[in-house]
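Colleague: Model the full structure from these sequences, guided by the hints.
Sequence order for the protein chains is A and B.
According to the numbering used here, the first sequence is numbered sequentially starting from 1.
According to the numbering used here, the second sequence is numbered sequentially starting from 1001.
It is worth saying that the hints were derived from the structure and are not from the lab.
Worth double-checking, as some hints may not be accurate.
Stated by the list, open to error - Partial selection, computed: residues in chain A whose CB lies under 8 Å from chain B: (1) H74; (2) R267; (3) A304; (4) A406; (5) V409; (6) R414.
Said to hold, decoys possible - Every beta carbon over 10 Å from chain B, so not counted as near; a handful from chain A, in silico: (7) R10; (8) A107; (9) P128.
The beta-carbon is built from N, C-alpha and C at its ideal position, and this holds for glycine as well.
Listed below, chain by chain, are the residues.
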Amino acid sequence: MNAVLKLAWRSLWRNRRRTLITLTSIALGLALTIFMASLGAGVYRQASEGAVRMQAGHLVVEHPEFRHDPSPAHALAATEVVAAARGLPGVETVRPLVVGQAVVATAAGSVGVGVMGVEPEAEIGASPFPERVVLGRYLEEGDVRGAVVGTALARRLKLEPGKKAVLTTTDARGEMTSELLKVVGVFQTGSEESDVFLVQVPIGLARRAWGLPEGAASQVGVILGDPDDLPGVAAALSGRVDPGVAAVRTWREAIPKVAAWIELDTRANRLLRVFVIFLVGSTILNTILMSVLERGREFAVCLALGTPPRMLRAQVLAETLLLAALGTMAGAALGAAVSGWVQAHGIDLSLFLSREEGASGVTVGGFMISPVLRCWLTPEQVGAHTLLVFGLTVGIGLYPTWRSTAVPVADLLRTR
Amino acid sequence: MNATPKNPTPVPRAEIVKLEGVGRSYGAGDLSVHALRGVDLAVRSGELAALAGPSGSGKSTLLNLVAVLDRPTVGRVVVDGVDTGTLSPAGTSRLRRDRIGFVFQTYNLIPVLTAFENAEYVLMLQGRPAAERRERVMAVLEVVGLAGLERRFPRELSGGQQQRVAIARAIAAEPALVLADEPTANLDTRTAGALLDLMVGLNEDKGVTFLFSTHDPEVMSRARRVVRLRDGVVEADEVRAPAARARS
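Modeller: Below, the structure is given as structure tokens:
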């Protein structure tokens, strides 16, 4: 075995430049696939986190019919759900919300809007809106008629902090109701839909507007500390609510546009990685096959001297294994290092984005993604891609391995 | 696929190589080429025999058949008591490894191994212990005049030195027979002479049996037996008095 390894190691370095080029191909190919996978995971995580926090949460508990008919009549008694969710491990914040559609009017005009009634203290740190206030302040506990509106809506209705507006809607009984709003702040998310369409008000005001009792909510959003805990928390929460009264939905069900985009992009990313690996595989096959074919006479000599064909094949396979091991070790280290750096520091794409007002990122399904893209690197990504490229390299080496002993010994020995 | 016989056909031990009615043809029908036709030949232990003849006379084909690198179309080839026609691929490898040494026209050393490691190669295949390998290889390198050069790679040796390493590799395992295909063809006259001295010396002092092909009249003059081939048949088989050691 030592002799086989010694021959394999020395044979590998007899053409140093070619071996280094092949190792570089393997390493760069693997590093690129790891980077693509981790960047994809990072972007999907940013997209889903951004959308999740602008909406209800990673999990949404709502009336079973609310998804198909989001009317105030399909609100639920949220107190017990909130208590049940708050007791679960992994839960960061629980947000009761009252959501609905209304018309907001000022002297400058009227606009149809989406209203989100929130508990201000629950929003801090859980939702991006408090951080996106560019004028005035965010809602505070004690605000009875306070409201925050998006920049585009404020512009259309000539609203600014201190200005008043009237919110008109239809309550759960079908009666028209109106509430006076006092704007306390203006936010800018960069998402056109949010900045034009959304108004946040205290949950008490929303309950009054839609005629809902104390403790009622359209949805209860659950924000998790770690999104990877989603399946476990969803299962636990489902066990604590009556399915006839409330349905527990994941963000993928609640925000299908974002989930669909992630699904589609994940597949495209995977296809690109397969393409990269295919290119790397072609390089490896070319190199190993070339290395074997040009040594035909040497193999013929070995066979003529009595080398068992299996030993010769073991030598060529060992060369492939060494090449694969060195290349994948370097590639895994490089891929992890680059991905780790991008995870820590991010890649700022601001320079490549439109300079229009409010365009401070990319929107997916109406939700904003930060222009600073970050990788999300996991040991599983590194391990899976390393094993894949290692296995591919060894698999590709099987044909040259077989070819090494399929040589016309007598003919080759007579050639110069 | 043939199996290795448990009891190979016995032949007298004195005959290291025996060819009985051996023919080898390539192609079929009107286009077939007969490289050898009904050759009968015996090479005995301790002989230094040359196969002579013009190109295409069948020298290399005969050597290939003895080395079991090729199979006869008709007839039987027996090497050191083993009928090569009955050998499996593994048995063929064992026969080459344990009973035949090779010296090729173009040296054919393994470029990534040193002179020592090349000479050691067959012993390593045989699974000999490291200490025994070292002792034997150092001894044969001394015999072929390469003591002190054992750590050099083939690219660091001259043609003559490389061929000496090839001879060391061929005899290190003390095979029953050393086959050499035009061993001096790529060497200058002086180096070829020194190499022939070496082969004659090994034959006389250690009883190594050599069967080699050659075009070179000078080489033929040093052989104790010259088998002349022409058009695939043995034209003449001359046995001579022992050759003088020194060429000049």
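Colleague: If a hint holds in the structure, say so; if it doesn't, say that too.
Modeller: Each hint tested on the structure:
At a threshold of 8 Å, the smallest CB-CB gap from H74 of chain A to chain B is about 78 Å, leaving the interface hint violated. Interface restraint check for R267 of chain A: the shortest CB-CB distance to chain B comes to about 46 Å, outside 8 Å, so the restraint is violated. Of the supplied interface hints, the one on A304 of chain A holds, with its beta-carbon coming within about 6 Å of a beta-carbon of chain B, less than 8 Å. Contact between A406 of chain A and chain B, as hinted, is not supported at the beta carbon level, the nearest pair being about 12 Å apart and thus beyond 8 Å.
For V409 of chain A, the suggested interface contact is upheld, since its CB lies about 5 Å from the closest CB of chain B, less than 8 Å. Because the smallest distance between the Cβ of R414 of chain A and any Cβ of chain B comes to about 6 Å, under 8 Å, the interface hint for this residue holds. Listed as a non-interface residue, R10 of chain A fails to keep its Cβ farther than 10 Å from every Cβ of chain B; the least gap is roughly 4 Å. Every CB of chain B is more than 10 Å from the CB of A107 of chain A (nearest about 90 Å), matching its label as outside the interface.
Against chain B, the non-interface label of P128 of chain A holds: every CB pair exceeds 10 Å, the least being about 63 Å.
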